[in-house]
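**Q** All the letters of the sequence shown, read from the start, carry residue numbers 102 to 361 under the working numbering.
Hint data in this document are derived by calculation from the structure and do not stem from the laboratory.
Among the clues, some could well be false.
As the list claims (entries may be wrong) - Capping the alpha-carbon separation at 25 Å, the derived lysine-lysine pairs in DSS-like fashion look like this: (1) K269 <-> K208; (2) K135 <-> K166; (3) K317 <-> K111.
Bear in mind the structure is a predicted one, so any value in this text is a computation, not a measurement.
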Amino acid sequence: MIENLTGLGKSVFPAPPVFPSPVKIVRVNLDLVKMHMAEPASENIAMIYLCRQERERFHSFRYEKRKVEWLAGRIAAKCAGLLLHNNDEAICYGQNQWHQLQISADKSGKPFIIWSDQESRPPVSISISHSRGYAIAMAAWENCGVDIQQVTPAVERVETRFATAEEKNILAEIDSLYGRQAALTLLWSVKEAVKKTSTGAKLPGFLDIRLHSMQKSGDAYLFAVQVQDNESGQKVSQLVWVRLLDGFAYAVTMQTRGRI
102 MIENLTGLGK SVFPAPPVFP SPVKIVRVNL DLVKMHMAEP ASENIAMIYL
152 CRQERERFHS FRYEKRKVEW LAGRIAAKCA GLLLHNNDEA ICYGQNQWHQ
202 LQISADKSGK PFIIWSDQES RPPVSISISH SRGYAIAMAA WENCGVDIQQ
252 VTPAVERVET RFATAEEKNI LAEIDSLYGR QAALTLLWSV KEAVKKTSTG
302 AKLPGFLDIR LHSMQKSGDA YLFAVQVQDN ESGQKVSQLV WVRLLDGFAY
352 AVTMQTRGRI
């Protein structure tokens, strides 16, 4: 149900070059979460993974799909946070550690970690995403964003909302190798990940984030984007590590940005 995607030997994020400091990325299978929720002792899954405040929130959802996605996202985020602090993969496969931390959200909806103990801990940035059967979460010491998107024909129906002609020209290599839908989905995922690192009162729109260049990096690509800061009017640059795998687009980024 829980899969650590970062580190040597991992299929998705073995050694991404974009990360300037340690990160942990965890994926949770929604179908397996749903299966456990359907078991006679379904309350146990909430008791194991969620603290009291989180369980109250979990039981407030009316629709099963939302409950499954929310629970899976919290499990992924907690596991990523625990891995970042402990760097021991076994910590996500026990039952006694999950109440050490709570995943909450600020007024803008951005998630963050609350630790249950009184020990002073450095702040951890959290990002969560869902798509067609998976929840994925990223934990880092710096402001981070992660996104997962299944490649589907639907992306072509909305491409004018997020893709410019110049960006599609830059994506020509990916288009020729993997198809137009895959190229557009990667671009969409990149912009979603970047938006999750935005901290201003007014978030950038999809067309405020422009793909500037890209380069191949092993089985993945490194995208350089320019982001229009709606508060200062300035442009900032940001790197996003992206790849396609098994019909999904993955995008991860940190907000270690420089003025241009």
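**Q** Next, verify each hint and record whether it holds.
**A** A quick look at each hint next to the structure:
About 35 Å separates the Cα atoms of K269 and K208, which puts this hinted pair outside 25 Å; it is violated. This hinted pair checks out: K135 and K166 have alpha carbons roughly 9 Å apart, not beyond 25 Å. For the hint pairing K317 with K111, the CA-to-CA distance comes to about 19 Å; that is within 25 Å, so the pair holds.
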